[in-house]
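Trainee: Dock chain B against chain A, hints included.
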Amino acid sequence: MSWAGRILRVDLTRGTCTAEPLDMQWARDYIGQRGLATKYFTAEVDARVDPLSPENKIIWATGPLTGTNASTGARYSVITKGPLTGAIACSNSGGYWGAELKMAGWDMIIFEGRAPKPVYLFIENDSAQLLDADGLWGKSVWDTEPAIRKKHQDPQIRVSSIGRAGETGCLFAAIVNDLHRAAGRSGVGAVMGSKNLKAIAVRGTKGVGNIRDPRAFLQATAAAKKVLADNAVTGQGLPKFGTQVLMNVINEIGALPTRNHRDVQFEGAKDISAEAMLEPRKTDGKPNLVTNQACFGCTIACGRISKIDDTHYTIQNRPQYWGASGGLEYEAAWALGAANGVNDLDALTYANFVCNEDGMDPISFGATVGAVMELYQMGVLTKEQIGIEAPFGSAQALTYFAEITARGEGFGREIAQGSKRLTAKYGHPELSMSVKGQEFPAYDSRGIQGMGLAYATSNRGACHLRGYTVASEVLGIPVKTDPLATDGKAGLVKAFQDATAVFDSTGVCIFTSFAWTLNDVQPQLAAACSDQFTVDELGVIGERIWNMERDFNNRAGFTSRDDALPPRLTQEPAHTGPAKGHVNQLGKMLPEYYALRGWDEDGRLKPETRTRLGLQ
Amino acid sequence: MQKALYINADKCTGCRQCELACSYEHYGVFNPAKSRIKIFDFDHTGRKVPYTCTQCAEAWCLQACPVDAIRVDASTGAKVVLQDVCVGCKVCTIACPFGTINYVQDTGKVQKCDLCAGDPACVSACPTGAITYVDADWTGLERMQLWASRLGNSAHA
Chain A
1 MSWAGRILRV DLTRGTCTAE PLDMQWARDY IGQRGLATKY FTAEVDARVD
51 PLSPENKIIW ATGPLTGTNA STGARYSVIT KGPLTGAIAC SNSGGYWGAE
101 LKMAGWDMII FEGRAPKPVY LFIENDSAQL LDADGLWGKS VWDTEPAIRK
151 KHQDPQIRVS SIGRAGETGC LFAAIVNDLH RAAGRSGVGA VMGSKNLKAI
201 AVRGTKGVGN IRDPRAFLQA TAAAKKVLAD NAVTGQGLPK FGTQVLMNVI
251 NEIGALPTRN HRDVQFEGAK DISAEAMLEP RKTDGKPNLV TNQACFGCTI
301 ACGRISKIDD THYTIQNRPQ YWGASGGLEY EAAWALGAAN GVNDLDALTY
351 ANFVCNEDGM DPISFGATVG AVMELYQMGV LTKEQIGIEA PFGSAQALTY
401 FAEITARGEG FGREIAQGSK RLTAKYGHPE LSMSVKGQEF PAYDSRGIQG
451 MGLAYATSNR GACHLRGYTV ASEVLGIPVK TDPLATDGKA GLVKAFQDAT
501 AVFDSTGVCI FTSFAWTLND VQPQLAAACS DQFTVDELGV IGERIWNMER
551 DFNNRAGFTS RDDALPPRLT QEPAHTGPAK GHVNQLGKML PEYYALRGWD
601 EDGRLKPETR TRLGLQ
Chain B
1 MQKALYINAD KCTGCRQCEL ACSYEHYGVF NPAKSRIKIF DFDHTGRKVP
51 YTCTQCAEAW CLQACPVDAI RVDASTGAKV VLQDVCVGCK VCTIACPFGT
101 INYVQDTGKV QKCDLCAGDP ACVSACPTGA ITYVDADWTG LERMQLWASR
151 LGNSAHA
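If you read the sequences in order, they're chains A and B. Going by our numbering, the residue at position 235 of the first sequence is 235; the numbering climbs one at a time, nothing skipped. Going by our numbering, the residue at position 105 of the second sequence is 105; the numbering climbs one at a time, nothing skipped.
If you're looking for bench data, these hints aren't it; they were derived computationally from the structure. Check each hint, because a few of them may be wrong.
[Unchecked claim] In silico BS3-like links for lysine-lysine, alpha-carbon gap of 30 Å or less:
no.	chain 1	residue 1	chain 2	residue 2
1	B	38	A	151
2	B	11	A	282
3	B	90	A	240
4	A	206	B	11
5	A	151	A	206
[Said to hold, decoys possible] Label pairs and their in silico Cβ distance ranges:
no.	chain 1	residue 1	chain 2	residue 2	range
6	A	240	B	51	51 to 57 Å
7	B	108	A	282	58 to 64 Å
8	B	40	A	226	25 to 31 Å
9	B	142	A	252	38 to 44 Å
10	A	539	B	102	44 to 50 Å
11	A	124	B	103	46 to 52 Å
Yeah, the Cβ is synthetic: ideal placement off N, Cα and C, and Gly gets one too.
Okay, chain A solo, but in the shape it has when bound (with noise of 0.2 Å):
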């Protein structure tokens, strides 16, 4: 019973704030976080919702073993439909913000309606309250967070809350919390911003006490703790070098895409590496990287700070940028880096301070840079549109559509709608390199055919973090498979999606399962929670979560056709590397996907689907 037992209801229309108790069976199907979240939101909102409107609710969710000491609890899931999909939006965070909420005694916060005018929420422990937040609209992530906890005078204060581009509308701004930890994708930003609410403010002195067999408990969070020491992925790998140990790597098997996916490897790669960041530079003898840093919890440690050349363009007379902050990660240095051709790591770790400081997500920003690049480069946008000469590889031109785009002025604005709408608005669609129009991640999938299905068939549009296949297909985890191959992908991609919905669900950190598997959360959560979770039982409602986003994306009108992916990925060979002459092969995968889902030629669910599964 590691739930609170508890949630939230703020209705910003009336202003009020009322406790409810946890739906306890729902917590048992669904477990907590992303399942749970999504199914007090499905079951509440009409799928047909314009998602910036009064009707559209936001939730923002922990899992039962969140805030506990279970490696990497920190995590909370905020569950909205998403303005730059249209489908269920599900984005993840980590920092210390999730736990905070937990240790006030809450499960999840439900918030529906609009307010009148800009407010923040202001949770200590069982009080909530809605607050007058005219003095913060307007203002940076970065200025927000001390500015709550200056007013309350309680340094302890954590904060989730969006920066400039959420309140401009900017379509994949993301909510921050801890200055740089981020519920980056599919525009839940936006969603806050347009229902007027600025922050949440979180002091929780309760702690996590309820532990059904605190023994059994110790000493499953302490055997899974081993486990992520003793594994070269998650002991050595991402604590020295973040995830952007996968920068070379990736570029060498020719899947990392380049300049809007016109090219599947980057000769710049080397210079925007972990192992560039760890190298002292020339001006100063200090390297990019400061030190590692972990969330809340955890002992893997992965996360980046790092700190601006004192003497790169990007940061003179601005000292808000001239500390230590969060650094590049590998999909925001492949989106801002790789994917616009820009090989100066310095401008890239500035583009994603930015992209911090004022809450935006770095993938769609980047790979929506991407696009205009291309278009610029084909005449199509000219600098006069766009107020800039922008060719790929231009760093002044990322750097200055990152701050434009961050705080909704000019040319910004048409960047902030997503490649999906710039391209469409000039006349070239195909361009966008999206699914559901979310723009890809670091990986083609004409050099991992198990990506391509991976981003057609995700529910939040195109991401690596629904079925990250690339650990088999590229890192023998658990299985090494053959990147170019399509035959087992759409079991093993199947596989991967419904054991990710369970990790999403628990409070624990999906980097968790570069060494866990289900085998390894199953202990943690049975001890914490239910008897009733075995691993069979984790399976089935992993595949029941999977369904349910599916069912509400059918019912928001998704169908087979949007299950699709550009036609340079398709149609385009990849030109150089081990991946040259190769396209994604969806279109073999697809069928054999449905069969094994349960979905019918039209990608709905068949009702002995629903019925095996639970779901009416």
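Mentor: Relative to the frame of chain A, chain B by itself:
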């Protein structure tokens, strides 16, 4: 042999496993708000610094207590708060120059690090070895060794 906590802030990742272990050891709850060891984050430098009681030999808290609620644990040298004697007057929290003895609203008493009777939970919980429990006379050993290694591992020595 008496032992002491030795903290190497360079190794701290900021994960709070020590705070969780401390609060669970003493209160049976995962709750950093009740931990006797605390991590401080310095965002602009990226540094994280664990801080707790260093068990002063001439302890200000012990001297100041008007009811003799703070005693020396002979086996560990820890200055331990006797919960059934403490009256919650908080004079010790004023006397301590380091701020490492604190009032707890829930119990109406003060709390401080008691070295877990010789097996500190924070030490076992730390995943990076930033917190260790070593010979009290040799807390500097690791740093001395590091500097000595410049000579010891030099080919020209």
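Trainee: For each hint, tell me whether it holds in the structure or not.
Mentor: Going through the hints against the structure:
| no. | hint | result |
| --- | --- | --- |
| 1 | 38(B) <-> 151(A) | 23 Å, holds |
| 2 | 11(B) <-> 282(A) | 27 Å, holds |
| 3 | 90(B) <-> 240(A) | 44 Å, violated |
| 4 | 206(A) <-> 11(B) | 29 Å, holds |
| 5 | 151(A) <-> 206(A) | 22 Å, holds |
| 6 | 240(A) <-> 51(B): 51 to 57 Å | 26 Å, violated |
| 7 | 108(B) <-> 282(A): 58 to 64 Å | 60 Å, holds |
| 8 | 40(B) <-> 226(A): 25 to 31 Å | 28 Å, holds |
| 9 | 142(B) <-> 252(A): 38 to 44 Å | 39 Å, holds |
| 10 | 539(A) <-> 102(B): 44 to 50 Å | 46 Å, holds |
| 11 | 124(A) <-> 103(B): 46 to 52 Å | 18 Å, violated |
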